[in-house]
Amino acid sequence: MNTVAICGNPNSGKTTLFNALTGSHQQVGNWPGVTVEKKVGKFKAAEKTISIVDLPGTYSLTANSIDERIARDFIIKENPDAVIVVVDQTNLERNLYLVLEILEMKKKVVLAFNMSDETQRRGISINTENLAKELGVKIVKTSASKKEGLNELKQAIIQTLENGKETQLFSYSEKFMKYLSQTEEILKKHHSDNFVDYGWTALKILEGDTEIKDSVSQETMQDIDKLTASMSQEFKEDPSIIVSEEKYKFISSLSKKYVTRKKVNESWSDKVDKVVTNKWLGIPIFLLVMWLTFTLTFTIGDIFNGMLDEGFVALGEWAGAKLGEGMLSSFIVNGIIGGVGSVVVFLPNIFLLFLFISFLGDVGYMPRAAFVMDKLMTKIGLHGKSFIPMILGFGCSIPAIMSTRTLESKRDRIVTILVNPFMSCAARLPVYTLVAGIFFPQNAGFVIFTLYVLGILISIISALIFKKTLFKNEESVFIMELPPYRLPSIKSILSEAGMRAFMFLKKAGTVIFAAVIVIWLLASLPAGVEYAGEESIIGIFGKIISPIFKPLGFGFWQASVSLFFGFLAKEVVTGTMGTLFGGEEILSQVLPQFFNSVSAYAFLVFTLLYTPCVATIGTIKQEIGAKWALFSVIYSFAAAYVVSFIVFTIGSIIF
Amino acid sequence: MILSECNPGFSGYVKSIMGEGNVKKRLLVMGVTPGSMITVVKKAPFGDPIEITIKNYSLTIRKEEASYITVEKGDEKK
Ligand SMILES: Nc1nc2c(ncn2[C@@H]2O[C@H](COP(=O)(O)OP(=O)(O)OP(=O)(O)O)[C@@H](O)[C@H]2O)c(=O)[nH]1
Ligand SMILES: [Mg+2]
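Chains A and B, in that order, are what the protein sequence lines are. Using this note's numbering, the first residue of the first sequence is number 1, and each one after it goes up by one. Using this note's numbering, the first residue of the second sequence is number 1001, and each one after it goes up by one.
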């Protein structure tokens, strides 16, 4: 089977195209750096099945960050049979830079000129026919989001796979070509048969590509160094800089020949942007946006939430009546309906939260937030780009942590990852809603909002601590594209939030379900014991660990085991209580016997801050290693303990 | 003139990129090449970073990076 790779600049629409071709649902968003790992899919064209790989975006084959490295390595080392380079036509010149680099590798290439629907409005017209001739490749105009041009693209891929031509090196200035061919000669002299393509290798060496440099002998490098020294003298520049300048000179000559731009009126994107990133309004607007997100998540979510809850209560009563007393009845009523049900009722909140997050991402707010916040973020030892993972963290820590791959500095990346779990993820929402609903019925929304703010504060304080203690100051740069705002299609944000809701249900049906069964078993054994009593296994275990939490105000064993099992997934904190006490409805009568409002709040603070779930720890380990994962486990537990203790102690004095 | 000292509304072309190494290369790759038209669109709250347009798209860089870029008022020149 042939393999085709999709590459291109960040945010050019690669994943949208990948989804359209393969029918998958990979994440799309209007900011650079959405895709951070390669994704594989398949599509059919002319009776053939072709395997297709979506790659992270990159501006050039000289990688600066991990996601760019993944793209580069795939193109250079895995040698796909053909490459589709997705080009954002509204940003042609910069996109062509990567196109030239890839064409020079003598790959079989098809260019997908994307965003066709936007060019007209922006007064851009491109003579693709002649441009294609000059570059020696096929160009297909597409609009991935409108699914236009896909058939033509498929056809072009098939044709290119069958009889695509390799491109020649482009003609740069004479002065430059002279040095390039001399470099090539040196390579040929020393390595008569090592390289498939001497021209490209020579170009990469002049560009200073360390990996390619390492692949030639020292002798060769000595000769080349002599040559580049005289080259630098003639140009008064580094060879690596000269290469880029030559490329852009060539691109501007192409653009002069084949592109015309009409002046257009200020677009709505510019108008919106003036307000959103305004010097004075920028930060207040950000706060308003976040506040609206949470308020709407709760007020709207609450309506559906109550309905689902009533449904589960009725279901529980009905099942209880049908099944009578006994083990089976207890298992179904307490275990499944009580445990899993108490988590599933929060589906509407989760759906809404992801709806807002994906709207913000699709409309193009993320890079603006990074722009507005960069200065503050730098002050606390993070980076403007750290802001995107932080917002994503309100949804789920795992993709948020993955998305730090776009950060170039290792220090920025580690700190961003370590503080990320303090951004309160959607899985903690059920716990807050449940407990706040019982103890602060008048202002549950406000109480929950304070938890989010507290999470942000703790992550800021932690970042400051890490900056001072763990790391030396490391230079970092902030160079980021600001794509135009785009009105997201309702379908795409609904489908993304729907995917998330589905994943939540899947989790409820697997991890949470399994946890609930274990908890139910532990609460029912040894045989003959009172269900979920102190003599049950879980009761005995809970009694052992509960003294740890006594100073925090919730030293009863049910709370301890809930937190213990919450390590599997934070929703399980609610699930455990639901299983032990029997459903959300009963919880509201039972919990006040154990908590007062201060200790209930301390419990929420602990839930917010303590050790991230297993899956998150796994992701941290995968991204920055076991040592940091362990550090995160210990640090967050300690932070949770200290802060809850302070909250409980001071709260008890005041209230 | 140095770009980091230009105010929003400035419009001109890039004269040269000073310094060397990584930052310079990054700026070039992003299209900040000598001779290109450049405008300063706005500054973020607290005055840093700044937003510029170059090669017909919006790019944000910190003042630190902008201090490597020298610019000249006027139309595109070579
Ligand atoms: N108007 C228009 N928008 C598009 C088109 N294709 C993609 N988009 C939008 O462009 C944005 C970026 O799309 P993605 O598919 O996430 O881009 P990507 O190239 O995968 O980006 P990275 O993964 O960050 O490298 C999204 O907001 C898409 O909805 C198109 O043909 N026309
Ligand atoms: Mg993508």
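I should point out that these hints are in silico values taken from the structure, not numbers from a laboratory. Yeah, the Cβ is synthetic: ideal placement off N, Cα and C, and Gly gets one too. Errors might be hidden in some of the hints.
Claimed, not checked - Partial list, computed: chain A residues near chain B (C-beta under 10 Å):
| id | residue |
| --- | --- |
| 1 | 235 |
| 2 | 249 |
| 3 | 371 |
| 4 | 450 |
| 5 | 481 |
Checklist entry - Regarding the hint that residue 481 (chain A) lies at the interface with chain B, is the smallest CB-CB distance below 10 Å? => result With Cβ-Cβ at 6 Å, under 10 Å, it holds.
Checklist entry - Is the interface hint for residue 450 (chain A) satisfied, with its Cβ closer than 10 Å to some Cβ of chain B? => result Violated: closest Cβ of chain B sits about 25 Å from residue 450 (chain A), beyond 10 Å.
Checklist entry - Going by Cβ atoms only, is residue 249 (chain A) closer than 10 Å to chain B? => result At 8 Å from the nearest chain B Cβ, residue 249 (chain A) passes the 10 Å test, so the hint holds.
Checklist entry - Per the CB criterion, is residue 235 (chain A) less than 10 Å away from chain B? => result Violated - the Cβ of residue 235 (chain A) stays beyond 10 Å from chain B, reaching only about 12 Å at its closest.
Checklist entry - Holds or violated: residue 371 (chain A) as interface residue toward chain B, Cβ cutoff 10 Å? => result Nearest chain B Cβ about 5 Å off; hint holds.
The structure is inconsistent with the numbered hints 1, 4, although it conforms to all the rest.
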